[in-house]
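Student: Residues per chain, in single letters:
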Amino acid sequence: MTSSLHLWLIPLVPFAGFLVNGLLGRRFPKALVTAVALIATLIPFLQVANIALHYSSLTLPYTERVATWIAAGGFHADFAFAFDQLTLIMLLVVTGVGFLIHIYSAGYMAEEEGYWLFFAYLNLFMFFMLTLVLAENFLLMFVGWEGVGLASYLLIGFYFAKDSAAKAGKKAFVVNRIGDFGFLLAMFLLIAHFGTLSFSEVFSQVAQHPEWQGGFLTAIALFLVLGATGKSAQIPLYVWLPDAMEGPTPVSALIHAATMVTAGVYMVARTHSIFDRSPFALSTVGIIGAATAFFAATIGLVQTDIKRVLAYSTVSQLGYMFMACGVTAYSAGIFHLLTHAFFKALLFLAAGSVIHALSGEQDMRVMGGLRKKIPITFWTMTAAVLAITGAPGFAGFFSKDEILYQDFLSPHGGKIIWLVGLITVGLTAFYMFRLWYLTFFGESRAPKVAHDDHSHGHSHGAHESPWIMLVPLIILAILSLIGGWVGVPSALGGHNEIQHFLSPAIGAPQEAAEGSRSLELLLAAVSVAVGAIGWFFAHLLYFAKPELPAQLAAKVRGLYSLLLNKYWVDEFYGAIVVTPLLLVSRYVLKGLFDTGVITGGGLAAGYATQGLGSLVQRVQSGNIRSYAGWLALGAAALLLLTYFGFGTHLLFR
Amino acid sequence: MHLVLFFIFGGLCVAGALNLLLQRHPINSALSLIVVMTSLAVLYLLLGAEFLAAAQVIVYSGAIMVLFTFVIMLLNAGAEERTHGSKAAYLVGFPGVAALLGILTYIFLKQSHHLGSAKLGGYLVTTADLSQMLFRDLLLPFEVTSVLILVAILGAVVLARKEH
Amino acid sequence: MVPIAYYLVLSAILFSIGVAAFLIKRNIITVFMSIELMLNAVNLTFVAFAHQWHRVSGQIFVFFVMVVAAAEAAVGLAIIIAIFRTRHTLDVDQVDLMKL
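Quick mapping for you: the protein sequence lines, in order, are chains A, B and C. Quick note on our numbering: the first sequence kicks off at 1 and runs consecutively. Quick note on our numbering: the second sequence kicks off at 1001 and runs consecutively. Quick note on our numbering: the third sequence kicks off at 2001 and runs consecutively.
Isolated chain A, as found in the complex (with noise of 0.2 Å):
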C-alpha cells in the first residue's frame, strides 16, 4: 500500500500563490510577486518528479479523499484525488510547461501593468487544471473544467481596456459555456443511469455489464463529445481560440496550446470506458477531429497574423488527437498531446520572442529578415517548425505517424480518416514554413517607425529577447527534440514505451490484423514525403519566388478570400445565433418581461398600495362624527353578530 502522496498539495500550492499575488501583489515589488508565482508553480512540479522518481514503489490506481461534497440520499460526491498513468503524464505536462511559462512571462510581462494580476490569474489557471487532471469525479473534473474556463476568460480579457480583447474573453466564454452544457447533461445522464458519478465506480459499473453497448451509453458519449469539443476547440465550438489570441503570449501557450485546450482530449481518453462501448460516438469523435483538422488547416495557410496562423494549427493539431481518439487509440492521442505541448508550447514562446523584438509587431508581412538579428529564437523556433511538419526524429513525427497509423488500420472508414490526416500533414508543414520563411527569412519588410502594442521604450531595432525568456525555449526545444523518443514504435527499433506505460490505465489500441512493421514504416515514409512536398511549396512560394503568392491570390481569389475571412463561420454564427439572442433578449426579455412584468408589476405593487392607503386614509378625517357614524355601523354589525352568531349571513338569504 503506497504512503500517501499527498496529492492535496498539488492544485493547493498555486492557489495559495494565487490568493497571495491577489489580494498582496498589487503592493508588493516585482521581485515578491515573481518570486511567489514561480514558486507556487515549482513546488508541485518538483512534487510530480518526486512522485515519477518514486514511481516503481507505488500501485496504481490510487485514490485520496480529502472531504466529503455531497452526501445527499443515495448519491455521493467526494473531494478526492485519483492518480494513475494518465494522470502523471498530465501532470508532468500541467506543472512542467506551466513552469517553464511562468519563468518566461516572468520577462515577457516585465514592462506590463498589472502585472501582479497576471501571475496571480496565471497561479488560479494552474490551480484549477490541476484539479482537473487530479479529479476523482466527474463533478470535481467539472469544477476544474469551468475554473480554467474563467481563468481563460480572465487572461484572454487581461488588456481589459482594449475592446476586442474584452469581446474575445467574452467569446470564449460563452462558447465553453455551451460546450459545458454538454458536460453537465452527461453528468445528468450519469446519476440517472450510474448513481454515481466517481470514476471508478463508473467503470467498474461499466465493466460488469458487457452487454451495455450503445443506447444510454452513446447519448453519454456524445455529450462528453459536446463538452470536449467547447473546451479543446473542435467543431463546431472552435471559434473562440483563434480570438483567444487577443491575451497575451504566454497566455496563448500555456493555455491554447499546451494545457486547457487539452482538457477536452483528456477527457475523452480517461471515460474511454464509456467511448469503447458506443461506436456511433467514436466514428463522431474521429469525423469531427479530422473535419476540423483539415478544415483549420486551410484556413491557417493564408492567415497574416503570426499567432492566428499557430491558433489555427492548434485546433488542426487538436484534431488529430481526437482522430486518434476516435479509433480507441487513445495512448497514441495522449502521445500526440505529450508532443504538441512541448512543440506548440515552443512555438508560441518563440513568436512572442519574435514580438516582443519587433516591440509589439504581430503581423508577417511586415516581418522578414530576423534569422541573424534574433538567432537563439530563430533556431528554436526551427526546432519547433520542423517538431510540428514531422521532420523524422523530432517529436511531432513519432506521436503523428502513430496516430496515422492506427487510423489506417481501423475497420470502420479508418482509411478516410487516414487521407484527411495525411493531406492535412502536407497542409500543415506547408504554412508553419510559410510562416518561418515570412518571419526569418528575406529582406527586412518592416517599416521604419515601431508600433507600440507591447512597447518599453526601446526605439533601437529587432533585439534579442532577455535570458529569463531565452532559456525556456532552449528546454522546450530540447524537448520537441527528444520528447518522441519515449514512443518509438518496434517497426523503427523502440519499444514504445508510452503505449505500454498508459495501457494500464486507457488500454492498448486493438491490434488489427493487417498490421505489420513493413505497413507502419511505408506509412511513415508517406507522410515524410507529404510533408516534404508541403515544404516544397512554401520553399517556392515564400523564399524563391516571394511575388508568386500574390499572383496566386488573385488568380483564386473567390477561394483566397473564403479561406482570410475564415469561411465567415463567426459570421454565420453571429447571424444565427447571436443576433436572434440579442434581439430576443432586448426586445421580448427586456422590453416585455423586464421592464413589463417585473418592473411593472412592482410599480405596479407600489401604486396599489399607495391607493388603498389613501383610500383607507379617508376614514381618518379628524371629523368626530363621522367617527361616530362609523362606530354606530359597527355597533350594529357587532350586535348583529352577537345575537344570530356567526351564521349571519344566511339571515340575509
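Calculated directly from the structure, the hints in this document are not laboratory data. There may be inaccurate statements among the hints.
To be verified - Sample of chain C residues at the chain A side, in silico, Cβ under 10 Å: (1) 2026; (2) 2093; (3) 2097.
Predicted model, so just to flag it, every value in this text is computed and none were measured. Glycine residues also receive a C-beta, built at the ideal position from the N, C-alpha and C atoms.
Place chains B and C on chain A using the hints.
Tutor: Frame of chain A; chains B and C shown alone:
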C-alpha cells in the same frame, strides 16, 4: 293604570329627546334633556327603584344638567347653523342607527314572552336594600368611586383653569 | 301590567335618538348632551331588567353609572372650556387637527 302612566311618561321622554335633536339653540336642547331626565325618574318609580328615581332627579337633573346649562351660558354658545361637515356621518351613520334600532326592537319584541311583565309594586327596592348590597358586598367599588370623583374634580379644576 | 319589552323598546328608541343627535348636531355641548341621553337609555334598561329578575345588582349598576357619568360630565365640560379658550369655536367640525 300602569300602562297609561308608562305611555304618558314614555312619550314625554321621546318627545324631549326629539326636541333635543331638533332644537337649534343648545340651551333649548339642555332644557329638553331635563324633561327627559325627569320623566325617566318617574319611570324608575314605576319600576320600583325609588332611590334611583330620587338620585336621578338630584344628580342628573339637578346637578349635571345645571352644570351643562352653566357652561352653555358661560361660553355664550349661539344658535348653530345646520351645515354638513361630514358625509360619512350621514351616509354610514344613519343606516347604522336604523340598524341598531331595528335589531334591538326586533330582539326585544321577539323575546317579549320570555321577559314577562312589570307590575306596579311588583318588586320594590328600598334604600335599605340597596345600601345593604352596596356597603357590604360592594364596599371596595364604592370607595374607589369616591376616589374617582376626587380625581374628576381635580381634573376639571386643572383643565378649566385660566392660563397665566 | 306593562311588558318589560316595552321598557326595553323605549330605551332602544332613546338610545337611537341619542346616536342620531350625536351625528347631526354641530355644537360640542349638544353632542355631549346626547351622550348623556344614551347613558340614561342604558340606565333604563338596567332598571327594567333589575325589576324582572328581582335582583338589586341592576340598580347598583345604575348607581355606579350615574356616578361615573357625573364625573365624566365634569371633566368633559372642563375640556370643552379648554378647547373653547384655544380654538375659540364650539364647532365640532373645526376641531379636526387629528386628521391624516
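Student: Determine which of the earlier numbered hints do not hold for this structure and return their numbers in increasing order.
Tutor: none
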